[in-house]
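Working from the sequences, and respecting the hints, build out all of it.
2 protein chains.
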Amino acid sequence: MRAEVVSVGTELLLGQIVDTNAAFIAVALSELGISLYRRTTVGDNMERLLAALALAFAESDVVITIGGLGPTMDDITRDALALALDDTLVRDDAIAARLETFFRSRGMPVLESNLRQAMVPVHGRAIPNPNGTAPGLLFEKDGKIAIALPGPPNELIPMVRNEVTPYLRARTGDTATIRSVVLRVAGLGESLVEDRVKDLMQDANPTVAPYAKVGEVHLRVTARAASAAEAEALIAERAALVRARLGNAVYGENDCGLEQAVVELLTARGETVATAESCTGGLVAQRITDVPGSSAVFLGGVVAYSNAAKTALAGVPEELLDRVGAVSPEVGRALAEGARAKFRAAYGIGITGVAGPGGGTPEKPVGLVYIAVAHAGGCDLERADYIGSRQVVRQRASQTALNMLRLRAGAEESASSSP
Amino acid sequence: MRAEVVSVGTELLLGQIVDTNAAFIAVALSELGISLYRRTTVGDNMERLLAALALAFAESDVVITIGGLGPTMDDITRDALALALDDTLVRDDAIAARLETFFRSRGMPVLESNLRQAMVPVHGRAIPNPNGTAPGLLFEKDGKIAIALPGPPNELIPMVRNEVTPYLRARTGDTATIRSVVLRVAGLGESLVEDRVKDLMQDANPTVAPYAKVGEVHLRVTARAASAAEAEALIAERAALVRARLGNAVYGENDCGLEQAVVELLTARGETVATAESCTGGLVAQRITDVPGSSAVFLGGVVAYSNAAKTALAGVPEELLDRVGAVSPEVGRALAEGARAKFRAAYGIGITGVAGPGGGTPEKPVGLVYIAVAHAGGCDLERADYIGSRQVVRQRASQTALNMLRLRAGAEESASSSP
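Which chain is which? The protein sequence lines are A and B, in order.
When we follow the numbering used here, the leftmost residue of the first sequence carries the number 995, and every step to the right adds one.
When we follow the numbering used here, the leftmost residue of the second sequence carries the number 995, and every step to the right adds one.
Treat the hints as calculated values from the structure; they're not laboratory data.
None of these values were measured; they are calculated from a predicted model.
Take these hints with a grain of salt, some might be off.
If several chains are the same, the list does not tell them apart, and a pair holds so long as it fits within one copy or across any two.
[As the list claims (entries may be wrong)] In silico DMTMM-like pairs for lysine to aspartate or glutamate, Cα to Cα no more than 20 Å straight-line:
| hint | residue 1 | residue 2 |
| --- | --- | --- |
| 1 | LYS1135 | ASP1055 |
| 2 | LYS1207 | GLU1005 |
| 3 | LYS1207 | GLU1157 |
| 4 | LYS1358 | GLU1157 |
| 5 | LYS1135 | ASP1249 |
If you want it as C-alpha cells, here you go:
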C-alpha cells in the first residue's frame, strides 16, 4: 500500500507554521509498513489542490489531507476531495445536531457556514473528532482511500491514533512492519546517555537513536520485521538492554511524561504531594494536575511569588528570608517543608530561583534555582545552574523537581519492598 | 516570479525529522514577493525526484531543493537537477582543493565520493557554504532557475540569508515585497470573527485570513506592494479596519500572547492580580508568570484542588461547599474573592470545573467550568461548557479567565480615562 500526504494551507506556504502534523503522520504510516511516496503542500486554492489530489491519486492508494476542514470560505478540502473522487457530500443529521447543541450552549448563532462541517461523503463516513467541531472524513471510492484530517495537532494526533491507524491496519493486512518505542530518560545528559548505549547505536536493526529534549533525553528503539510480533520481540529485547544500561534514569515509555510517571507512582503507593513554588509560578502544580486522576495524589499548591506570600502561604519564617534571601537553599527547603506541613502531604516540593531574564546578580545569577523535596525522613535539595530562556529555566526546574520526587518515592518503594 | 520548494530525503518521509527548512525558505520567498506555488517532499529516489522536478519546472520559474547534496550514494539531488535541466556537471578545481585540504587536515582520506561535492553545473555556479563541506548549487538554464541547498539548518539558513536572498532580489527586478501582521482575537469564535470581516476576506491585496487556535482566533493581514513602506501602509490601514470591526476582542499582535497582553495592561495600570485555581491546577498562574516582569503584577496564587484546600487557602466557606458543591458559580466567585482578599490584589481570578476525562455527572458534565474575576466593584462570572480533552478544557478555561481579566481592567481603563 502506498500513501501520499497533502497538507492544505496558505499559512504553510507563507512559512507561518511548521508542518509537524505531516511528520507525525509519516511516523504513523511507517509503523504500519505503508510507504509514504510523497508529501505535497498547497495553498487554499481549489485549482491547485485539485491538481495535487489528481497527482496523488495517480500514484497512491491512500491520500491523507491535513487542514482545510473548518467552517470558513477558505476551507476547501472537503469539496475538493468530493470533486477529485467524483463523490457527493450529504448532510449528516447527527453531526449537524451536535454542532447546533455546541453553538447553542455557548449562546452563539448556528451559521450556515458551521453546518458545512456536517457534510459527509456518500461513499465514506465521518471520522470522530472529540477535540473539535470539525469531524474528519473518510472516502472509499473506486479502490482509492482518502482521509481528511483537521489541522490543529491536538485534534489530528488523537484522531490518527484512535481512528486512522486501526482503520489502515485493518486495510493493510499487515506484513512487513516497523515498530518503535521511545524510552524516556531523566536526570542524565544526552552525552552521558549516548556514551552508555554507543555500541547499540551502531546496529542496523533494531536501531537506537537519541533525541535531546528540554530536561530529558528520548531514546527511540526501532525494529523492522516480517510480523508485528517479531518486531515487538526485537524491541523488547533491545529496550531491556537499554534499561539495564541506564537503570532508573529511564522513567517511562512513549507518551508517558514525567508528571504522569510521578502520578502513577504515587497512586500506586497511596501517597500525596503538595507544592510551594516561587520562580516556576505554578508550573509543577500545573504539570501534575495535567494528568487525569491526579486529584488522588495532588492535595494542592501555592504560588508564593512575593516574600509576603512565602511567609503567609508556606510558613517560610520572615527572619529566614531577611537573613539568607528568597533564593537560597534554606528557603527552598522551607518551601518544601511548608507545603508538606500545610497540606499534610507525604511529599512537599519547594522551588525558588531566578528565572530571568531580569533579576540576576553576580551572586545569584539568572538560572540559579534551588529545588527541594520534603519527605518523612528529611528533605532532598538540589542546586541547579540552568542556561537558557525564562521558559527553559522554568521547564528544567519543574523537570528536576518531578524527577527528584520520582527518585525519592521510588527509593522508598525499593526500601519497603525489600525484605 | 513563482517558486516551488522540493525537499529531498527519505528521513523526511519517515517522519524522523520535521522540515523546518521549508518553512524558513517559505518566509524568505514571501518577503521577496515571490509566490510559493507548492512544496513537495520526496525520498532519496532518482525516478521520483525527477518526476517532482519535472512537475516543479512545469509550473514555476524557480525551484529550490533542500538536501541530497552530501557525499553518499543516496545524495542524488545534484545529478537529478543536471538531468532535469539537461545540464552537465564539471569539477570545480578550487572546491576540490578546498575539500582535499579539509579532509587532510583531519587526517582523513579524500574519497572519490567526497569529490562529488566539487561538481558544479556548466550553466551555473557553486553557492558558498561556510558551515559545511557541500556547497550549494545554482543552475540557470533556458529561463529556469534551480537552487540546491544542503539539509542541515545551520548550513542552509546562512546560505539563504547571505546568498540566495540577494541573488533572488536582484533577479526579481521588481522590489515587490510582502509584509504581514497577525491580529490576535479572544472571546469570539472563528465563525463570528469571519462573519464580521467576510468582505475583507474577498480582497486580493491586502488579504485577510483567519486561523483558529485553542481559545482564540488569529487574523493574518498580508499586503504586497512595490516597497516595504507601501506594504506596511496597506497593512496598517487594513489592520485598523479589522480592529474597528472587532473592537476590543483584538488583544494583541504577532507573538504577543494573551498572558503578555494582560501583564502589560496591569503593569501600565499599576494593578495586581492573584489566583485561586481548582481544575486548571495552576495553569493561569503559570501562564502569567511565564511573562518576564510579571512579578510586578502577580502577587501569588493557590491551587486548591481538594475542598479542604479551598477552605484553608482561599477562604471558601465549608458550608457553601456542602450546600452547592465545589463546581458551582458560588464557589467560583468565592475563589476569586478569596484570592483577591488573601493577596490584597486589585483582581482575583477563581476557577472551578470538571476538566475530565473522569468526574463528570449529568448535572455537572466534563467541560463545565465556572470562571470568576473579582474586582473592586464586584465579581464577573462566566459559565463555560467546553468540548475537548482535559488539556483543551484547561487551556480554554485559562484563556477565558485571562480574557475576562483583560476586559475588566480595560473597562476600568476606559472609565478612568473618560472625563
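Consistency of the hints with the structure:
Only within a single protomer do LYS1135 and ASP1055 lie at most 20 Å apart by alpha-carbon distance; the minimum there is 11 Å, versus 36 Å between protomers. In this homomeric assembly, LYS1207 and GLU1005 come within 20 Å of each other (Cα to Cα) only across copies, at 13 Å, whereas the closest approach inside a single copy is 27 Å. In this homomeric assembly, LYS1207 and GLU1157 never come within 20 Å of each other (Cα to Cα): the closest approach is 28 Å inside a single copy and 23 Å across copies. In the homo-oligomer, the alpha carbons of LYS1358 and GLU1157 never lie at most 20 Å apart, since the shortest distance is 51 Å inside one protomer and 28 Å across protomers.
Taking the shortest alpha-carbon separations for LYS1135 and ASP1249, neither the intra-copy value of 35 Å nor the inter-copy value of 43 Å comes in at or below 20 Å.
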